[in-house]
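> Model the full assembly from the supplied sequences, consistent with the hints where possible.
Protein chains in written order, with UniProt numbering: chain A, 1 to 230; chain B, 1 to 230.
Just so you know, these hints were derived from the structure itself, not from any lab. There's no promise every hint is true.
[Said to hold, decoys possible] Simulated pairs of lysine-lysine, DSSO-like, Cα-Cα distance not exceeding 30 Å:
#, chain 1, residue 1, chain 2, residue 2
1, B, K215, A, K152
2, A, K54, B, K198
3, B, K57, A, K215
4, B, K215, A, K54
5, A, K215, A, K54
6, B, K215, B, K198
7, A, K198, B, K198
8, B, K54, B, K215
9, B, K54, A, K215
10, B, K198, A, K57
11, A, K198, A, K57
12, B, K152, A, K54
13, B, K152, A, K215
14, B, K152, B, K54
15, A, K198, B, K57
16, A, K198, B, K215
17, A, K54, A, K198
18, A, K215, A, K198
19, B, K152, A, K57
20, A, K215, A, K152
21, A, K54, B, K54
22, B, K152, B, K198
23, B, K215, B, K57
24, A, K215, B, K198
There are 2 protein chains.
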Amino acid sequence: MTRRTPRPRERGIPEATVARLPVYLRALQSLTERGTPTVSSGELASIAGVNSAKLRKDLSHLGSYGTRGVGYDVEYLIYQISRELGLTQDWSVAIVGAGNLGRALANYGGFGTRGFRIAALFDADPAVVGDEVAGLSVRHIDTLEDVVSVEKVSIGVIATPAAAAQGVCDRFVSAGVTSVLNFAPVVLSVPDGVDVRKVDLSIELQILAFHEQRKADGHEGPGWIGALEA
Amino acid sequence: MTRRTPRPRERGIPEATVARLPVYLRALQSLTERGTPTVSSGELASIAGVNSAKLRKDLSHLGSYGTRGVGYDVEYLIYQISRELGLTQDWSVAIVGAGNLGRALANYGGFGTRGFRIAALFDADPAVVGDEVAGLSVRHIDTLEDVVSVEKVSIGVIATPAAAAQGVCDRFVSAGVTSVLNFAPVVLSVPDGVDVRKVDLSIELQILAFHEQRKADGHEGPGWIGALEA
DNA sequence: ACGCCCTTGTGAATGCGCGCACAAAGTGGG
DNA sequence: CCCACTTTGTGCGCGCATTCACAAGGGCGT
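Here is the structure:
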């Protein structure tokens with residue numbers, strides 16, 4: 001088979017690579033703000049906190065966008081990664097749960113700048129409905145289906161208490177949402193074809209506690225005193 | 001030296017297993033509330049959303065705590081996992097950043113019930129210092145070192161804007177904190193012996209966007225040139 | 001034009017994690 | 001007491017991910 005077209009990607013980018021692309025993207029954007037035109041894999045890897053061979057292999061999955069002896073063109077690489085991640089188009093996001101976390105998410109500025117538009121913020125509590133948060137008026141959860149359909153929401157964010165999460169998820173799914181980001185501490189079950197990613201604050205702390213305990217077991221000393229000194 | 005304690009395993013629990021133990025723990029706690037005395041690997045795996053063989057292998061890393069033909073004793077397993085994760089002791093947590101996210105974290109109830117105590121909430125903005133959040137008075141960031149030492153804080157949570165994160169992290173580290181949970185969208189650099197875990201909302205959304213785009217590519221027409229079809 | 005030096009892109013080796021499938025072990029009924 | 005049934009614990013093979021190390025490729029000075 002002769003390869004006429006550049007053939008950028010073979011339909012299969014490893015999941016681990018996908019998870020790192022946003023990190024590279026952020027590093028590249030900080031470089032562009034500093035006016036750096038090109039960057040080597042070593043520098044970029046250092047900024048992103050990864051091994052340089054890993055970075056090169058990751059980028060090679062997108063295509064050959066570097067120049068040997070020189071490095072990568074920052075602007076061009078930003079465009080290629082953005083395109084691969086689907087950030088050249090806009091995605092509508094709906095958040096359910098206007099508690100502390102939901103409001104924090106709605107106010108988080110990092111979304112808008114990267115192709116994500118918060119289309120709506122829902123809550124079940126009538127006392128909160130109508131509140132103004134981040135330029136949005138909190139809507140009642142019963143309007144979820146309508147809004148998802150009208151605003152073409154494709155990503156749903158669940159920031160409710162655990163007990164409500166599966167119900168909200170089901171409503172998202174039957175309204176046609178196929179990607180869910182879940183902050184509630186429950187395991188959601190969804191049909192095939194729907195992606196769920198979980199962010200669980202309490203789990204992260206427990207993992208840290210495990211390692212912390214192990215450190216203490218090893219030294220058996222007061223771990224948090226005098227690790228410093230020079 | 002004979003060891004009285006069962007001494008479950010050597011010092012090697014796989015990282016992937018550690019990350020799942022909190023999930024099992026939560027599933028077990030929901031079973032205990034329902035009064036279930038024992039549970040099989042199949043049931044528990046189903047609740048936790050994992051393969052049953054994987055669950056058994058995970059638990060086998062802690063020791064042989066099941067009974068063949070019966071299953072696992074719920075209470076006993078809860079205790080063993082808690083002990084392994086270090087949740088039988090209390091951990092003091094300090095949060096820096098009393099913005100929306102910091103407040104959400106401070107108000108999140110799931111911590112206190114699992115051996116985590118929020119010792120303090122800091123902010124750099126004098127306008128916020130003194131605010132009452134979740135029963136805590138927001139303290140000025142300059143008191144961080146004192147509080148970390150007095151309250152024996154071992155886990156630091158960073159919920160600041162990106163620009164402030166590395167500085168806060170450095171102060172945590174030199175005050176003796178050896179575990180950091182970072183919500184700011186930056187890659188933190190820390191010396192050896194300090195653990196950092198990252199929670200990045202924007203990265204999660206970007207990963208979802210990637211998969212969402214791929215789903216759309218498959219069903220709709222070819223994005224650019226028909227790589228599909230024979 | 002030529003050769004030196006730099007950096008990319010990737011073959012190959014290693015290690016880790018997952019899941020199947022089965023032997024070992026314990027329970028309960030007859 | 002024995003047998004059939006249930007469920008654990010794990011040996012094994014497979015595939016993915018990470019890292020090393022190096023050949024291929026391109027720029028630049030002379």
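> Now, for every hint given, state plainly whether the structure supports it.
Structure-based check of all given hints:
1. Under the criterion of a C-alpha separation no larger than 30 Å, the hint pairing K215/B with K152/A is consistent with the structure, at around 15 Å.
2. Under the criterion of a C-alpha separation no larger than 30 Å, the hint pairing K54/A with K198/B is consistent with the structure, at around 19 Å.
3. Distance check on the hinted pair: K57/B and K215/A sit about 24 Å apart at the alpha-carbon level, within 30 Å; holds.
4. Between K215/B and K54/A, the direct Cα distance comes to roughly 27 Å. Compliance with the 30 Å bound is thereby established for this hinted pair.
5. A threshold of 30 Å between alpha carbons decides the hint, and for K215/A with K54/A the separation of about 29 Å falls inside it, so the pair holds.
6. Under the criterion of a C-alpha separation no larger than 30 Å, the hint pairing K215/B with K198/B is consistent with the structure, at around 28 Å.
7. About 13 Å separates the Cα atoms of K198/A and K198/B, which keeps this hinted pair within 30 Å; it holds.
8. With a C-alpha separation of about 29 Å, the suggested pairing of K54/B with K215/B holds against the 30 Å cut-off.
9. The straight-line distance between the Cα atoms of K54/B and K215/A is roughly 27 Å, inside the 30 Å bound, and the hint therefore holds.
10. At roughly 23 Å between alpha-carbon atoms, K198/B and K57/A fall within 30 Å of each other, so this suggested pair holds.
11. The suggested pairing of K198/A with K57/A holds, with an alpha-carbon distance near 27 Å, which does not exceed 30 Å.
12. A threshold of 30 Å between alpha carbons decides the hint, and for K152/B with K54/A the separation of about 38 Å lies outside it, so the pair is violated.
13. Note on K152/B and K215/A: the hinted pairing holds, with a Cα-Cα distance of about 15 Å set against a maximum of 30 Å.
14. Only pairs whose Cα atoms come within 30 Å are accepted, and K152/B paired with K54/B is rejected, the gap being roughly 37 Å.
15. Proximity of K198/A to K57/B is assessed by CA-CA distance (about 23 Å); at most 30 Å being required, the pair is judged to hold.
16. Proposed proximity of K198/A and K215/B is supported: the alpha carbons are some 20 Å apart, at most 30 Å.
17. Restraint check: the Cα-Cα separation between K54/A and K198/A comes to about 25 Å, which is no more than 30 Å; the hinted pair holds.
18. Annotation: proposed proximity of K215/A to K198/A holds, straight-line Cα distance about 28 Å (limit 30 Å).
19. Proximity of K152/B to K57/A is assessed by CA-CA distance (about 43 Å); at most 30 Å being required, the pair is judged violated.
20. At most 30 Å may separate the alpha-carbon atoms for a hinted pair to count; K215/A and K152/A exceed this at roughly 49 Å.
21. With a C-alpha separation of about 28 Å, the suggested pair K54/A and K54/B falls inside the 30 Å cut-off, and the hint holds.
22. Straight-line distance between C-alpha atoms of K152/B and K198/B comes to about 22 Å, which keeps the hinted pair within the 30 Å bound.
23. Between the alpha carbons of K215/B and K57/B the distance comes to roughly 34 Å, so the proposed pair goes past 30 Å and is violated.
24. Simply put, K215/A and K198/B have alpha-carbon atoms about 20 Å apart, close enough for the 30 Å limit, and the pair holds.
When the structure is compared with the earlier hints, violations turn up for hints 12, 14, 19, 20, 23 and for no others.
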